[in-house]
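**Student:** The primary structure of each chain is shown beneath.
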Amino acid sequence: MSARSDVLLWAQRVIGRKDATACQILDIPAGSGLDAAQQAFHKIARMAHPDLHRRTLTADELELVTTAYARAAAAYQELRGQRTVTTRIRAIPGVPAAVPPTTQAIPTAPPSIKAIAVPEEPGHAPNKMGSKALIYYRKAELALRRGDLPGAVLQLKMAIASDPQSQFLRSALAEVEAEVARKP
Amino acid sequence: MSVALGIDLGTTNSVAAIATPTGVEFILGARGERVHPSVIAFPASGGVVVGTDAKRYRLSEPQHVVHSAKRFIGQNTRAPLVQLALTGVRYNVVEGPNQQPIVVVRDRRMTMPEISSHVLLHLKRAAERQLGTPVKDAVITVPANFTDGQRQATREAGRLAGLDVMRLINEPTAAALAYGFGQDREQMIAVFDFGGGTFDVSILQLDGEVFEVLASEGDFFLGGDDLDRALAENLASELHRISRVDPRPHAALMMKLMMGAEQIKMYLSDSEAAEGEIEGLDLPGGRVSTLPFSVTRAQFEAMIAGYVERTMAVTRQVLVAANIDPRMISDVLCVGGSTRIPMVRQQLAEIFRREPNISINPDEVVAQGAAIQAGSLTGDLTSGTGMGARDAVATAGHSPLARGTITLPEITAKRPVLLDVNPATLAIHTAGGFTERLLDKNAPIPIERSRVFTTSRDNQTRVEIDCCRGESRRYTDNEPLGTLLLDDLPPRPRGDLQIEVQFRVDADGILHVRASDLASGQQQEAHLQVLGAPVAPAGPASGVPDDKP
Ligand SMILES: Nc1ncnc2c1ncn2[C@@H]1O[C@H](COP(=O)(O)OP(=O)(O)OP(=O)(O)O)[C@@H](O)[C@H]1O
Ligand SMILES: [Mg+2]
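Here the protein sequences come in this chain order: A and B.
Under my numbering, the first residue of the first sequence carries the number 18, and numbering increases by one thereafter.
Under my numbering, the first residue of the second sequence carries the number 7, and numbering increases by one thereafter.
Mixed in with the good hints, there may be bad ones.
Reference listing, derived: stretches of chain A covered by chain B, where coverage requires no fewer than 3 residues with Cβ under 8 Å from a Cβ of chain B [stated by the list, open to error]: (1) 20-26; (2) 55-67; (3) 150-156.
None of these hints come from the bench; they were simulated from the model.
C-beta atoms are modelled at their ideal positions from N, C-alpha and C, and glycine is treated no differently.
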């Protein structure tokens with residue numbers, strides 16, 4: 018069988034099974050570890066990465082393969098997100114949680130959407146602060162990752178000193194201080 | 007025979023190359039140079055001048071010379087960092103439609119994609135001259151942390167230059183590709199890319215022909231430009247002290263100090279101290295002054311310490327994101343001109359506990375990777391193209407393809423498979439001001455996920471979904487991306503409708519959204535206008551103004 022029909026058959030299989038689990042999509046036993054997931058995904062990539070078929074498939078076929086591949090990528094990511102992490106990393110608002118959250122529960126009922134969007138004021142994003150404040154803020158972020166709460170408080174205060182206007186920084190500080198208060 | 011160009015469109019410098027059977031061939035400027043300054047001049051004498059020739063106008067008419075355009079492309083003019091960067095340029099930038107920055111030079115108004123298209127067109131023409139064949143297909147590199155808007159704007163620049171942009175790839179990934187292509191390695195590497203305007207660090211796992219990015223972090227507003235500005239500020243204070251004139255409000259004067267600062271900076275990468283004078287400083291009132299300077303490496307390091315520390319903080323962060331120990335990394339690639347600074351290399355060595363790899367050419371490796379990917383996408387690729395065949399790299403005016411005398415051998419190397427990652431978490435606004443994450447940062451791309459939504463009021467015929475980028479659970483703490491609109495829904499009791507929305511980040515790192523009503527199966531192409539992104543494609547590719555002298 019040609020590589021072309023192989024990949025098309027695979028893509029149809031993936032797309033046909035709408036409620037397949039991540040492991041089923043990657044074709045590995047349920048409960049497989051991260052290494053197995055990675056190996057399986059690399060195998061899929063070697064066969065089905067859309068870049069490899071750019072010149073040999075029709076536009077519709079390529080779209081089919083891309084969709085199947087993109088779902089396999091989501092399956093791989095889901096399994097990666099479930100890995101247990103030893104370091105406890107707490108995200109403060111707007112800061113990338115360095116590690117995907119552990120098995121984030123997907124709401125069973127679809128979230129309802131508000132009828133009309135409230136226009137968002139600009140100026141909420143974390144990067145809407147002075148560059149100096151941003152440097153302190155990043156340091157606070159690192160301190161948090163180390164679990165060093167007092168260090169984080171100090172850096173956030175420095176950040177606020179360089180950008181007193183930032184509401185975002187103040188709310189971040191309040192959050193961290195609340196966390197400190199909760200600790201013995 | 008089609009030729010596909012790999013282009014590293016840099017903040018300071020751009021490089022273009024093609025993959026040939028014997029290696030990577032660079033596109034040369036009129037003086038045989040491989041590196042083309044990303045500088046566009048609109049001189050008083052008329053026309054548009056790009057590259058090395060444009061640089062000399064920076065002194066005579068700084069307000070007509072556009073440089074560092076990459077810092078503004080696809081950005082929102084109102085973003086504070088954009089405002090900060092605007093203080094470092096002497097040309098005029100105003101806010102245009104959709105809050106995008108517009109360059110105003112004399113009576114011309116140009117978008118940032120238009121500005122960048124001049125650089126791309128310059129490279130395209132140079133390639134066509136050198137290869138003797140029309141060039142249309144291209145792969146363009148972007149910083150790994152470029153946002154959706156910045157990526158779309160870069161694609162738009164390519165389109166305006168008459169290029170068919172087959173793919174955008176991330177700069178560190180391109181460097182890794184040039185390093186590992188055809189080597190069949192099993193190893194983990196870090197790529198530290200510190201250029202003129204942006205900073206990226208990526209961790210990759212090489213598994214034969216598969217290049218998997220495990221994590222990537224960065225700062226698209228951190229580069230050599232910032233270091234120049236730090237030193238120029240010091241020089242400006244000194245000039246103020248000796249001449250009693252504050253040079254800061256004077257465009258031409260500050261430009262001269264910035265250029266002086268860059269030279270001092272580069273000199274200090276090789277020497278412990280720099281001493282000399284900056285001549286020909288035209289002070290207001292017709293006075294001409296000379297500024298003597300004496301800067302030690304230690305003094306310069308103190309001025310830039312904050313910036314360098316920031317790159318190291320991001321590097322520690324990417325190791326956490328990839329969930330690996332620095333000792334698992336077997337090579338650290340230094341990419342970008344700013345990695346020539348000894349302090350940067352020392353601190354990198356401390357983090358990884360090994361000397362970084364400085365044997366690759368930090369200016370050219372990204373374009374080399376882009377050329378390999380371009381060759382792979384068009385199919386003209388052989389194993390002789392990677393770093394392994396560096397000795398065979400073809401040079402000046404020597405192009406086997408152009409002469410058509412050498413037929414391409416069968417593909418011998420396996421085509422590389424790039425598993426790049428999503429630059430930032432994409433989420434949507436849910437009831438109560440929270441977000442639901444749909445596509446994680448650092449997830450492999452292309453990736454797709456769908457979610458089912460419903461209405462919250464009876465007979466609701468219109469649903470708006472706010473999308474944002476960022477990692478917070480609270481919507482307002484993230485950066486709004488735009489609002490997705492589903493219209494003309496059939497009136498039903500609340501909760502009755504089931505609308506499936508598909509979110510896909512394509513291999514270029516660009517978001518696409520599609521919605522369908524599950525009951526009727528009716529499809530809607532949902533449109534998301536990203537703030538700062540170019541407004542709907544304007545006109546055909548002929549929109550590029552002439553760049554003939
Ligand atoms: N010897 C040196 N020492 C210090 N800095 C240097 C040296 N050589 C070049 N640079 C700096 O490197 C920067 C240019 O690097 P490079 O060409 O890699 O950037 P770029 O690709 O244009 O930018 P980016 O990748 O950020 O878009 C400039 O700021 C330049 O001053
Ligand atoms: Mg670069």
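**Student:** List in ascending order the numbers of the hints, as given earlier, that are violated by the structure.
**Tutor:** Number 1 - this is the single hint that the structure violates.
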